[in-house]
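In the order they appear, the protein sequences are chains G and H.
Just so it is clear: in the first sequence, position 10 is 10 by the numbering used here, and no numbers are missing.
Just so it is clear: in the second sequence, position 134 is 134 by the numbering used here, and no numbers are missing.
Please note that the accuracy of each hint is not assured.
[Said to hold, decoys possible] For lysine to aspartate or glutamate, the following EDC-like pairs were computed, each having C-alpha atoms within a straight-line distance of at most 16 Å: (1) G:32 to G:21; (2) G:219 to G:203; (3) H:118 to H:184; (4) G:287 to H:92; (5) G:249 to G:261; (6) G:287 to H:26.
Keep in mind the hints are simulated off the structure, nothing from the lab.
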Amino acid sequence: MTVKSLEQQFQERIDAGERIEAKDWMPEKYRKTHIRQISQHAHSEIVGMLPEGNWITRAPSLRRKVGLLAKVQDEAGHGLYLYSAAETLGISRDELFDQLHTGKAKYSSIFNYPTLSWADIGAIGWLVDGAAIINQVMLTRTSYGPYARAMVRICKEESFHQRQGYEIMLGLSQGSPEQKEMAQDALNRFWWPSLMMFGPRDEESPNTEQSVKWKIKRKTNDELRQEFVDITVPQAEILGLTIPDPDLKWNEERGHYDFGEIDWDEFWQVVKGNGPCNKERLGARVKAWDDGAWVREAAIAYSDRRSRSQGDEASRNQDVSAAI
Amino acid sequence: MKSNNLYQYLLLLGDHSMILGHRLSELCGHGPSLETDIALTNISLDLFGQVRSYFQYAAKLAGGDATENTIAYLRTERKYLSSTILEQENRDFAHVIVRQFLFDVYHRLLLEELQNSKDDQIAAIATKSLKEVKYHLRFSTSWMNRLGAGTEESNQRMQVALDYLLPMAHELVTASDIETAMKDEEIAPDLNVLAIEYWTQVKAVIQESNLKYPEFKDRVVRGKQGIHSEHMGRLLSEFQYMQRAYPNMQW
């Protein structure tokens with residue numbers, strides 16, 4: 001059997017809507033594309049903990065503090081499922097972290113923007129989680145089984161986060177003039193970066209065509225972006241907030257909102273590492289990893305010694321799982 | 001007067017969970033591994049759940065406009081009644097674990113006793129919290145063992161943390177006037193009795209973790225009287241920021 005025919009069979013399985021599992025044969029490029037995409041997604045969850053974590057210690061009430069802590073913790077959990085999904089493709093979590101820390105792997109650019117007020121926590125939940133859900137709902141039907149299953153669980157939690165964010169915005173927009181101003185300012189700063197989350201325009205997105213063929217993506221960047229705008233504009237109207245785009249208007253003929261042009265120079269600047277917080281975000285991850293090195297080494301040394309003294313591999317496994 | 005002592009006691013209980021919970025919340029996103037990050041956040045969440053139970057009860061006793069938030073956020077530093085050890089900074093993971101362990105041993109013993117409190121609400125909160133705190137103690141004890149007996153570096157770091165923090169731990173098990181009054185009313189346990197078991201358990205874990213029990217004199221610490229270390233003012237200015245900058249608003 002030639003490689004070509006294996007690839008044909010593989011494509012036929014995908015076309016028939018079958019799920020690909022970890023032990024199935026797959027083209028090398030499919031495997032690599034998945035490692036790249038799933039790990040980018042995992043890194044985004046982990047780096048995404050930082051801008052919101054910036055407000056955990058300053059949350060305005062006990063209820064909000066608990067809500068935000070739980071949300072950021074969920075993101076750590078999402079990171080865990082996704083790293084595990086990536087590991088099924090034959091790469092370790094340490095290698096993936098190394099790719100993040102050396103700047104080889106990317107993460108979502110939205111997290112390179114600063115969180116400057118409490119309203120930013122509402123805006124991130126509403127807009128950033130909202131944009132993420134649109135991407136992720138599509139991914140629950142992606143062709144690679146472990147990824148699709150991780151996404152089902154993640155989507156449930158993300159939609160809770162999105163409601164929580166919207167509820168923060170609703171409270172602010174119905175609150176005092178300062179609160180309303182805070183909410184509008186957060187929308188002004190996060191609107192365009194949220195639209196950028198869907199990536200470059202279709203004609204400039206080199207990965208899209210192959211990804212659609214493999215059902216890694218089922219819709220293009222521009223289709224998803226339009227979906228987000230159409231869903232979000234009426235939500236902003238309910239809040240009584242103004243979307244910072246003078247070109248935004250309903251197009252009766254298309255049945256969609258028209259909207260203005262994204263500042264693509266800014267988009268590429270942030271992707272290339274020159275956003276407002278790229279250095280700080282990566283720096284914080286590297287610092288946590290480096291500061292934790294002695295802890296991880298000690299945990300391994302301890303469990304190795306115990307398993308040697310007990311001559312029992314089971315005890316090591318037990319110990320490593322207890323450590324976590 | 002009786003209810004004032006009870007009110008103050010609820011503040012003391014809530015403040016202990018809150019100040020430690022706040023320190024743990026600073027670590028969210030910065031832990032040595034994803035798993036420990038999640039575990040420490042879990043502990044922080046449990047502690048804040050307890051804070052809300054204590055302060056909601058306290059707000060009911062206080063009446064008027066008091067809420068869990070006015071109690072949590074709008075006191076001056078001198079009115080917070082947590083033990084000094086809890087506000088100590090997250091210098092490294094060893095300090096985080098040692099601080100947690102020294103508190104967890106006390107916390108579990110305390111809650112076991114508070115389950116039998118004459119005050120039904122405190123007893124109910126204690127019963128619910130005890131389940132969580134048993135897990136906290138298991139977590140911190142296992143890390144005491146692991147880091148104490150892990151590598152030379154981890155052992156040294158743990159010893160430094162222990163030498164620094166242990167001299168403050170006595171405050172946890174030394175009764176303040178409020179705790180003595182509560183003991184007399186059979187609402188709180190006798191800390192003199194609890195202290196014996198506390199030190200037995202603490203010493204046992206230190207020993208099994210290849211660490212040395214520090215030769216120390218107890219430090220003069222008076223957090224439970226509202227006289228804190230210099231760390232507390234900064235902790236509170238961050239914690240209270242929104243409530244102070246935007247008074248009387250709903251969030």
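Hints, verified against the model:
A C-alpha spacing of about 15 Å is found between residue 32 of chain G and residue 21 of chain G, which places the hinted pair at or below 16 Å, so the restraint holds. A threshold of 16 Å between alpha carbons decides the hint, and for residue 219 of chain G with residue 203 of chain G the separation of about 14 Å falls inside it, so the pair holds. At most 16 Å may separate the alpha-carbon atoms for a hinted pair to count; residue 118 of chain H and residue 184 of chain H meet this at roughly 11 Å. Annotation: proposed proximity of residue 287 of chain G to residue 92 of chain H holds, straight-line Cα distance about 12 Å (limit 16 Å).
For a cut-off of 16 Å, the pair hint linking residue 249 of chain G to residue 261 of chain G stands: about 13 Å separates their Cα positions. Simply put, residue 287 of chain G and residue 26 of chain H have alpha-carbon atoms about 15 Å apart, close enough for the 16 Å limit, and the pair holds.
Figure legend: structure checked against the earlier numbered hints; every hint is met.
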